[in-house]
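Asks: Just so you know, the sequences run in chain order E and R. So the mapping is simple: this note's numbering equals the position in the first sequence, first residue as 1, plus 322. So the mapping is simple: this note's numbering equals the position in the second sequence, first residue as 1, plus 16.
If you're looking for bench data, these hints aren't it; they were derived computationally from the structure. Heads up, a few of these hints could be off.
Below, computed lysine-lysine pairings styled on DSS-like, alpha-carbon distance capped at 25 Å [what the hints assert, rightly or not]:
| id | chain 1 | residue 1 | chain 2 | residue 2 |
| --- | --- | --- | --- | --- |
| 1 | E | LYS418 | E | LYS376 |
| 2 | E | LYS418 | R | LYS73 |
| 3 | E | LYS426 | R | LYS25 |
| 4 | R | LYS87 | R | LYS25 |
| 5 | E | LYS376 | E | LYS423 |
| 6 | E | LYS418 | R | LYS87 |
| 7 | R | LYS25 | R | LYS73 |
| 8 | E | LYS423 | R | LYS87 |
| 9 | R | LYS73 | E | LYS376 |
| 10 | R | LYS87 | R | LYS73 |
| 11 | E | LYS376 | E | LYS426 |
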Amino acid sequence: GIQVEQSPPDLILQEGANSTLRCNFSDSVNNLQWFHQNPWGQLINLFYIPSGTKQNGRLSATTVATERYSLLYISSSQTTDSGVYFCALRAGGSEKLVFGKGTKLTVNP
Amino acid sequence: NAGVTQTPKFQVLKTGQSMTLQCAQDMNHNSMYWYRQDPGMGLRLIYYSASEGTTDKGEVPNGYNVSRLNKREFSLRLESAAPSQTSVYFCASSGGRDVTQYFGPGTRLLVL
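So that you can see chain E by itself, here it is in the shape it has in the complex:
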């Protein structure tokens, strides 16, 4: 099955710093999403981005499908950005969304 690898597994930042999270995948995809799981466990979808670049405030994401990776950029990080960031993707005609193991981000004040 499709493999999803996220890096780094853990990241600690000072408030105001920028960061880049990476998601590598092993097969061509037609559905890639980024999620944020906050410290209370709630999962919130950030981007649906099978290809190209999208921006939403301080967050942006880029997927280069031909090279099988996606990047999530967080600029001017805030303590509320803390949590775990997951990428998840679907290959081919499958309904199944496969998740990476996540990047745990801690933003210190």
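Got chain E; can you put chain R on it based on the hints?
Replies: Below, chain R without anything else, positioned relative to chain E:
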């Protein structure tokens, strides 16, 4: 518009007991999913339902059954709970042009 709701929020079971986790969505989505999340892991798909009346196995279906009761509701049943099923369970839905999955708040299950 409540989105995806799950009940209960928390449950403690003894080994061998049964229970049903309930999930409902009010977004008129066709597809619904059940995941489990274990410490240090991403989410793993247990079962999904692409439309009312259909269900399919995901990555980790053993020990679980599901029912797509109608378009809104998708339940997950543990017939004989085992300690290995201690986890956080998430329900999600997606549908139409929007292929994004929307998640419920989760159910924390502890099996003793």
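Asks: Confirm or reject each hint.
Replies: Consistency of the hints with the structure:
no.	hint	verdict
1	E:LYS418 to E:LYS376	holds, 24 Å
2	E:LYS418 to R:LYS73	holds, 9 Å
3	E:LYS426 to R:LYS25	holds, 24 Å
4	R:LYS87 to R:LYS25	holds, 22 Å
5	E:LYS376 to E:LYS423	holds, 23 Å
6	E:LYS418 to R:LYS87	holds, 19 Å
7	R:LYS25 to R:LYS73	holds, 24 Å
8	E:LYS423 to R:LYS87	violated, 30 Å
9	R:LYS73 to E:LYS376	violated, 33 Å
10	R:LYS87 to R:LYS73	holds, 18 Å
11	E:LYS376 to E:LYS426	holds, 22 Å
Violation of the numbered hints given earlier is confined to hints 8, 9; the remaining hints are satisfied by the structure.
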